[in-house]
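Residue numbers for the sequence shown follow the numbering used here, so the first one is 14 and each next one is one higher.
Honestly, the hints are just simulated from the structure, not real lab data. Owing to the predicted nature of the structure, the values given are computational and were not obtained by experimental measurement. Each residue gets a CB set at the ideal place from its N, CA and C atoms; glycine is no exception. Accuracy of the hints is not assured; some may be wrong.
Derived DEER-like restraints, expressed as beta-carbon distance ranges [said to hold, decoys possible]: (1) 156 to 123: 34 to 42 Å; (2) 85 to 43: 13 to 21 Å; (3) 107 to 17: 37 to 45 Å; (4) 15 to 171: 46 to 54 Å; (5) 171 to 104: 43 to 51 Å; (6) 107 to 158: 22 to 30 Å.
Below, simulated DMTMM-like cross-link-like pairs (lysine to aspartate or glutamate); rule was C-alpha separation at most 20 Å, straight line [as the list claims (entries may be wrong)]: (7) 52 to 72; (8) 175 to 154; (9) 112 to 131; (10) 112 to 98; (11) 112 to 154; (12) 175 to 143; (13) 109 to 45; (14) 52 to 97; (15) 52 to 70; (16) 52 to 98; (17) 112 to 51; (18) 112 to 70; (19) 109 to 143; (20) 109 to 55.
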Amino acid sequence: MTIQIRQATAQDCDLILEFISGLAEYEQLSHEVVATADKLNDTLFGTNSIAHVVIAELDGVPAGFALYFYNYSTFLAQNGLYLEDLFVLPSYRGQKIGKALLIHLAQTAVAQGCGRFEWSVLDWNQPAIDFYRAMGAVGMDGWTVQRVTGSALQALAQQQVK
């Protein structure tokens, strides 16, 4: 069995949406998915795209994906690579596809001169946490993710400092 990691193309938008939907189902967040293949095409492959997608194939069959982008660390004065999503289809788990994706992204981060490779994981997802620890990841205790979205984002954007 051969694992290949390739850059996604605009022709992969339906496949990427399938992976996103599978991830959302696994995370019990399907109700939050509003992405469409057309919107993915515009935002991932349009002129202002800042995100990147790689597809993992096992013997030529799509088995998983990773979506990432670059961020910046002021403390390091270097870019970092942020993994937004990683998903392997259930029927392909245990075949080192997730490991291959993480290795590929670590190699990408090193090649791009990044000082960090980071991602978030749901605190209840112990199998993923164990997998990431086995790959050398360290949890960032003491940090919590903050998010402003939807109507709260709109309201914040309309505020003025008084």
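Task: Restraint check for residue 112 with residue 98, where alpha carbons must lie at most 20 Å apart - done: With Cα atoms ~14 Å apart, residue 112 and residue 98 stay inside 20 Å; holds.
Open item on the list: Would the hint linking residue 52 and residue 98 be met if the CA-CA limit is 20 Å?
Closed with: Holds, at roughly 17 Å.
Open item on the list: Quick check: does the Cβ-Cβ distance between residue 15 and residue 171 fall within 46 to 54 Å?
Closed with: 53 Å, holds
Open item on the list: Given the hinted pair residue 175 and residue 154, is their Cα-Cα distance within 20 Å?
Closed with: Between residue 175 and residue 154 the Cα gap is close to 35 Å, so the pair fails against 20 Å, i.e. violated.
Open item on the list: Between the beta carbons of residue 171 and residue 104, is the distance compatible with 43 to 51 Å?
Closed with: Since the Cβ atoms of residue 171 and residue 104 sit about 47 Å apart, the hinted range of 43 to 51 Å holds.
- [ ] Below or equal to 20 Å on CA atoms is what counts here, so check residue 112 against residue 70.
- [x] Distance of about 13 Å is within 20 Å: holds.
Open item on the list: Does residue 131 sit within 20 Å of residue 112, going by the straight-line distance between their CA atoms?
Closed with: Judged against 20 Å, a Cα distance of about 15 Å means the pair holds.
Open item on the list: Next pair to validate is residue 112 with residue 154; report whether the Cα-Cα distance is within 20 Å.
Closed with: 23 Å, violated
TODO: For the pair supplied as a hint, residue 52 and residue 70, confirm whether the alpha-carbon distance does not exceed 20 Å.
DONE: 24 Å, violated
- [ ] Starting from the range 34 to 42 Å, see whether the pair residue 156 and residue 123 falls in it by beta-carbon distance.
- [x] 24 Å, violated
Task: Proposed proximity, residue 143 with residue 109 (alpha carbon, max 20 Å) - done: 14 Å, holds
Open item on the list: Next pair to validate is residue 52 with residue 72; report whether the Cα-Cα distance is within 20 Å.
Closed with: 29 Å, violated
Violation of the numbered hints given earlier is confined to hints 1, 2, 3, 7, 8, 11, 12, 13, 15, 17 and 20; the remaining hints are satisfied by the structure.
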